[in-house]
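Visitor: So for the sequence shown, UniProt numbering puts the first residue at 1; every next one is plus one.
It is possible that some hints are incorrect.
What the hints assert, rightly or not - So the derived label-pair ranges between C-beta atoms look like this: (1) D598 / F777: 37 to 43 Å; (2) F351 / D623: 43 to 49 Å; (3) L170 / D623: 38 to 44 Å; (4) P71 / R521: 23 to 29 Å; (5) D655 / Q200: 32 to 38 Å; (6) D515 / E638: 34 to 40 Å; (7) S441 / D623: 53 to 59 Å; (8) E638 / Q84: 52 to 58 Å; (9) W780 / S441: 25 to 31 Å; (10) F351 / H132: 42 to 48 Å.
Since the hints were derived computationally from the structure, they do not count as laboratory data.
Beta carbons: idealized from backbone N, C-alpha and C, even for Gly.
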Amino acid sequence: MSYSTFASPKLWSWSWNEIRHGQLWPVSVALTLIITCIFALTALTQRMEQVIVKQGKEALTADSVFTSNNPLPAPLLTAVKESQLTSAQRVRFQTMAFSDNGMKLITVKAVTNNYPLQGDMVLSDGESRFQHVAPGQLWLDERLFSQLDVEVGDAVTIGDADYRITGSVLEEPGLSFNPFRQMPSAYIHIGDVDKTGAVQLGSRVRYDLYLNGEDAQLKPVQESIELTPSDRWRNEDTASRTSDVFSRTQQYLSLSVAIVIIMAATTLVLTCQHYVSTRIRTIAMLKSLGANKQWVTRWLLLQLLILFVIASVCGLGLGLLLEYLLRIPLSDLLPNPLPSFGIKPYLFAIFTSVLITIPALGMPLLGLINVSAVNVLQAQNKPVAVKKYVWLLLFPLIPMLILYWDNSLVWMMLAGIVGLFAVLAIISLLVAKSLTRLPLSTAFQLALSRINRSSWNTGIQFGALALSLMLLATMWLVRTDLLSDWQRTIPEDAPNAFSLNIASYEKDQYLETLDHNNIDRSEAYPIIRGRVSQINQQDAKLYAGNSGDTDALSREINFTWSDHIPDYNQLIDGQWTQRDGVSVESEVASELGLNVGDSLTFVINSQQVTATVNSIRDVEWRDMKPNFYFIFTPDVLENIPSTWLVSFRLTDQDDALVNQLSRQHPTVSLLDIRSMGAKIQELLTQIVWAITLLAALGVLAGLLLIFTLLRLSLSQRQQEIQLYRTLGASKKRVTATVWAEYGLMALIAGVVASFGAETVVGGIMKYGFDLAPSFHFELWLLLPIITFCTLFIVVNSLIKKLLRPINKAFI
Numbered sequence: 001m002s003y004s005t006f007a008s009p010k011l012w013s014w015s016w017n018e019i020r021h022g023q024l025w026p027v028s029v030a031l032t033l034i035i036t037c038i039f040a041l042t043a044l045t046q047r048m049e050q051v052i053v054k055q056g057k058e059a060l061t062a063d064s065v066f067t068s069n070n071p072l073p074a075p076l077l078t079a080v081k082e083s084q085l086t087s088a089q090r091v092r093f094q095t096m097a098f099s100d101n102g103m104k105l106i107t108v109k110a111v112t113n114n115y116p117l118q119g120d121m122v123l124s125d126g127e128s129r130f131q132h133v134a135p136g137q138l139w140l141d142e143r144l145f146s147q148l149d150v151e152v153g154d155a156v157t158i159g160d161a162d163y164r165i166t167g168s169v170l171e172e173p174g175l176s177f178n179p180f181r182q183m184p185s186a187y188i189h190i191g192d193v194d195k196t197g198a199v200q201l202g203s204r205v206r207y208d209l210y211l212n213g214e215d216a217q218l219k220p221v222q223e224s225i226e227l228t229p230s231d232r233w234r235n236e237d238t239a240s241r242t243s244d245v246f247s248r249t250q251q252y253l254s255l256s257v258a259i260v261i262i263m264a265a266t267t268l269v270l271t272c273q274h275y276v277s278t279r280i281r282t283i284a285m286l287k288s289l290g291a292n293k294q295w296v297t298r299w300l301l302l303q304l305l306i307l308f309v310i311a312s313v314c315g316l317g318l319g320l321l322l323e324y325l326l327r328i329p330l331s332d333l334l335p336n337p338l339p340s341f342g343i344k345p346y347l348f349a350i351f352t353s354v355l356i357t358i359p360a361l362g363m364p365l366l367g368l369i370n371v372s373a374v375n376v377l378q379a380q381n382k383p384v385a386v387k388k389y390v391w392l393l394l395f396p397l398i399p400m401l402i403l404y405w406d407n408s409l410v411w412m413m414l415a416g417i418v419g420l421f422a423v424l425a426i427i428s429l430l431v432a433k434s435l436t437r438l439p440l441s442t443a444f445q446l447a448l449s450r451i452n453r454s455s456w457n458t459g460i461q462f463g464a465l466a467l468s469l470m471l472l473a474t475m476w477l478v479r480t481d482l483l484s485d486w487q488r489t490i491p492e493d494a495p496n497a498f499s500l501n502i503a504s505y506e507k508d509q510y511l512e513t514l515d516h517n518n519i520d521r522s523e524a525y526p527i528i529r530g531r532v533s534q535i536n537q538q539d540a541k542l543y544a545g546n547s548g549d550t551d552a553l554s555r556e557i558n559f560t561w562s563d564h565i566p567d568y569n570q571l572i573d574g575q576w577t578q579r580d581g582v583s584v585e586s587e588v589a590s591e592l593g594l595n596v597g598d599s600l601t602f603v604i605n606s607q608q609v610t611a612t613v614n615s616i617r618d619v620e621w622r623d624m625k626p627n628f629y630f631i632f633t634p635d636v637l638e639n640i641p642s643t644w645l646v647s648f649r650l651t652d653q654d655d656a657l658v659n660q661l662s663r664q665h666p667t668v669s670l671l672d673i674r675s676m677g678a679k680i681q682e683l684l685t686q687i688v689w690a691i692t693l694l695a696a697l698g699v700l701a702g703l704l705l706i707f708t709l710l711r712l713s714l715s716q717r718q719q720e721i722q723l724y725r726t727l728g729a730s731k732k733r734v735t736a737t738v739w740a741e742y743g744l745m746a747l748i749a750g751v752v753a754s755f756g757a758e759t760v761v762g763g764i765m766k767y768g769f770d771l772a773p774s775f776h777f778e779l780w781l782l783l784p785i786i787t788f789c790t791l792f793i794v795v796n797s798l799i800k801k802l803l804r805p806i807n808k809a810f811i
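Using the sequences and the hints given, assemble the complete structure.
Guide: This is the structure we're talking about:
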């Protein structure tokens, strides 16, 4: 009977029988695992990204913000109106607030009645809560009630305008990561600015325009005006120096998805190779009985289609369950209701699994389809055209290029994988050959003989095992290093209060009060505001276009002088001098192209001063200590009048001291940022939980991959091991040989994977996250231990089956 005449129902029947009795179920399990992991991770990532982006925009209080030292340009306002974007405005300036019992320098924030566009502002009059400011209202920072000795309903004068206090500001929108721009705030309506008389020609005023809209709507508006040095557009990625928490988290989420996909693809490739190796004789037998190549192709493809449908249904169902279980620990941190992940995870899981499956199954199946009937008698391999392999590899590679072309982390990971495979192949062969010269036990000699007899296959096994270990370690180490860096955003011992505008005549008394109350404080620094006017006798404005995210040229900034560099700043070039010098922060030096020896001219209080760059410092802005772009030697600025700044750390027991300092020194701006620090820590806690959860999922996928690798490798040895038993080898001898071979593999793979992980993680941290890499001593011990533990589970689960002689194995 000719196989080519089989009807379609018969083909379905044969395919289903092969699935039930054949070796395709491991392939289906691998596909199910791929779809489950990719769906769950993508769905959770989608939710997390929405939450993180939302938090970033809430910290900014809008999708995009235009900020300037000048009034908002008319063309910009016209463009906003024509684009029908939702907008709000804020005018921020400093002035004095007076009550019958005191006075205080404050920051006035005049806003429209729809501010903020995103985030929450909580106002309270003692009975009710409000979210927006109406004309004629005055809302005071809670600190001002004690500093001005007032209550709700009392009279307060802001500049030239008289108000009755409407209530207090319980919570301001957004997060401000720069404490030096903080001071007690008062909110009024933007229509009341003129009557305060505080905004005059030459006043220091900040104008902000908040916009909500899609990127496609915002872009034409942003391009409608030409920015001056004092103008800037901000979004959630550029809102502040620590906004890199948001962008780095999103990078890590993308990296996690890519790593899980790579591990899943590796599992599938190895499973498919094992299936093909078990079906060569079956295909040869079918061809010897009359089945042609077209029928075999249709038969195999139909089996895979059935399995793919089953794997898709099971994988998506399990993925939904897994995503639900993964976010249970985050229930208190995630918003309620959760943002929907939409249809994207479903499509991405299926599409990705198809891209993985086509080359993973296509390459081994091409060889299987081309098996000759002669293989029934003698194993032969008919070569497949290289072009077909190239097309199969391009099928997933092209979409990957489209998706990840701008994600350097993914390409660093792939480069590390390729390099690691090459290194492992060489190391495995060298180690195996070198060990044969040692006087080893019989078990080790048999193990080494097996390894050297099939060096190519052994190299692949070593590479795959070390790759899975490396990916597992990479996900966890990147997570650990990121968390270590983020913990420095606000260290536990960081200052949480700052006093500015301390006059020279009251500085000593102010510091004595702090010391008398055992307050841990910093050194006091003189503060003078000024601008950089010339760089090497050229107009500094020529450098404004290259100033990046710093404000060094776009506005007046704070200068200080000292006879030394702060001990918490790291000197990276040059050395401190005692005269005519200025030390420059490294980012400013890099962005402006400054080197030691360059000449800088500054305008301070209408006076010009010149200094030579004597050193360049690395500054960690997040340690909340007084830091500066420029620190001068005392002779340059000591004759120019200044105020002083000091930072210190308060506890809950120091509230009385805060009130005392405010009353004794009413012109000093005391910035208590404890509430802001708590808000930042809450945000970081949520992000830390998110990436820890994702890292744990990646580690779980890695452990499953290691288990699959070892189990498949041992299964492939089954016939050989059973032959040893049939020829009389004892169980003890065979077991010792198995442990020697795979123990050696675990040790080498663990050590080399540690080296690979250190290299890849170092590259990711340095070039992907712009952070200093660190060495992980515990990694070199943990990876081999993890491999040995997994190996112990695999061997114990298979050893009884492996030790049965051939004649009993088929009973």
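Visitor: Indicate, hint by hint, whether the structure satisfies it.
Guide: Hints versus structure:
Take D598 and F777: their Cβ atoms lie about 42 Å apart, and the range 37 to 43 Å holds. Checked against the given bound of 43 to 49 Å, the beta carbons of F351 and D623, roughly 45 Å apart, stay inside it. Here the CB-CB span from L170 to D623 is close to 29 Å, at odds with the stated 38 to 44 Å. Checked against the hint of 23 to 29 Å, the C-beta distance between P71 and R521 comes to roughly 40 Å, which is inconsistent with it.
Checking the proposed 32 to 38 Å range against D655 and Q200 shows it holds: the Cβ atoms sit about 36 Å from each other. Taking 34 to 40 Å as the suggested C-beta distance range, the pair D515 and E638 does not conform, at roughly 24 Å. The supplied range of 53 to 59 Å is met by S441 and D623, whose beta-carbon atoms lie about 57 Å from each other. One distance hint, 52 to 58 Å for the beta-carbon pair E638 and Q84, holds here, with the actual separation near 56 Å.
Range check, W780 to S441: Cβ separation about 26 Å, and the 25 to 31 Å hint holds. Between F351 and H132 the beta carbon distance is about 45 Å. The supplied range of 42 to 48 Å therefore holds.
When the structure is compared with the earlier hints, violations turn up for hints 3, 4 and 6 and for no others.
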